[in-house]
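Assemble the whole structure, with the sequences as input and the hints as a guide.
For the sequence shown, this note's numbering begins at 1 and goes up steadily by one.
Source of the hints: derived by calculation from the structure; they are not laboratory data. Hints may contain errors.
Restricting the straight-line Cα-Cα distance to at most 16 Å, the calculated cross-link-like pairs of lysine to aspartate or glutamate (EDC-like) are [unchecked claim]: (1) LYS24 to ASP77; (2) LYS24 to ASP7; (3) LYS24 to ASP52; (4) LYS24 to GLU75.
Computed beta-carbon distance windows for the label pairs [to be verified]: (5) SER131 to SER78: 13 to 23 Å; (6) SER113 to GLY34: 19 to 29 Å; (7) ALA105 to ALA83: 36 to 46 Å; (8) GLU9 to ARG106: 21 to 31 Å; (9) VAL97 to GLY37: 17 to 27 Å; (10) SER113 to THR6: 11 to 21 Å; (11) THR81 to ALA104: 15 to 25 Å; (12) GLU103 to ALA82: 23 to 33 Å.
Since this is a predicted model, take the numbers as computed values, not measurements. Cβ atoms here follow ideal geometry from the backbone N, Cα and C, with glycine treated the same way.
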Amino acid sequence: MRKLATDREGLEILHLGDCFLLLKSVPVGRIGFGARGEVVMLPVNFMVDGQDVVFRTGAGSKLSAIEVGQYVGFEADSYDTAAGTGWSVVVNGLAEVVDDEEEAARLDTLGLSSWGGGASGRVWVRIRPSSITGRRIAADSPGPG
1 MRKLATDREG LEILHLGDCF LLLKSVPVGR IGFGARGEVV MLPVNFMVDG
51 QDVVFRTGAG SKLSAIEVGQ YVGFEADSYD TAAGTGWSVV VNGLAEVVDD
101 EEEAARLDTL GLSSWGGGAS GRVWVRIRPS SITGRRIAAD SPGPG
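Structural data, given as structure tokens:
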């Protein structure tokens, strides 16, 4: 049995493969980015495509303010209050609007359910990770705080 790596707070440091498995297990995450001098945090329905995070947004929405090549943060998590367990995965990377029609059509076939209606008038955004980190609160750890 391998010894789990932990951080200074006693949280398990997740391996990259575990981070991807956990990201794929939840439908909603949060994206953070700068827009008009403010930090904006918004929930999005998302998917993992290869090693990228992808989601759709409406043209003209706050998310469409993400400029090509803008550095963004993305986070997804889960927490079980009764069990006192949970995890968080943070993806940092460059965001880009998917301009290629064939690529957008391929993404449309992957079955992402978005809030606010269908795919009409929506654009795909891809986050190309520069770093992915994850932490897990195990049942026997003291938990946050």
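Hints and how they fare:
1. Between LYS24 and ASP77, the direct Cα distance comes to roughly 11 Å. Compliance with the 16 Å bound is thereby established for this hinted pair.
2. A threshold of 16 Å between alpha carbons decides the hint, and for LYS24 with ASP7 the separation of about 24 Å lies outside it, so the pair is violated.
3. Straight-line distance between C-alpha atoms of LYS24 and ASP52 comes to about 11 Å, which keeps the hinted pair within the 16 Å bound.
4. The straight-line distance between the Cα atoms of LYS24 and GLU75 is roughly 12 Å, inside the 16 Å bound, and the hint therefore holds.
5. For SER131 and SER78, the Cβ-Cβ distance of about 21 Å falls inside the hinted range of 13 to 23 Å, so the restraint holds.
6. At roughly 28 Å, the beta-carbon separation of SER113 and GLY34 lies within the given 19 to 29 Å, and the hint holds.
7. Checking the proposed 36 to 46 Å range against ALA105 and ALA83 shows it holds: the Cβ atoms sit about 41 Å from each other.
8. Our hint of 21 to 31 Å for GLU9 and ARG106 is violated, since their Cβ atoms are close to 41 Å apart.
9. Distance hint for VAL97 and GLY37: a CB-CB separation of about 21 Å, consistent with the stated range 17 to 27 Å.
10. Against the hinted window of 11 to 21 Å, the Cβ-Cβ separation of SER113 and THR6 comes to about 36 Å, which falls outside the hint.
11. A hinted range of 15 to 25 Å is violated for the C-beta pair THR81 and ALA104, which are about 39 Å apart.
12. For GLU103 paired with ALA82, a C-beta distance near 42 Å fails the hint of 23 to 33 Å.
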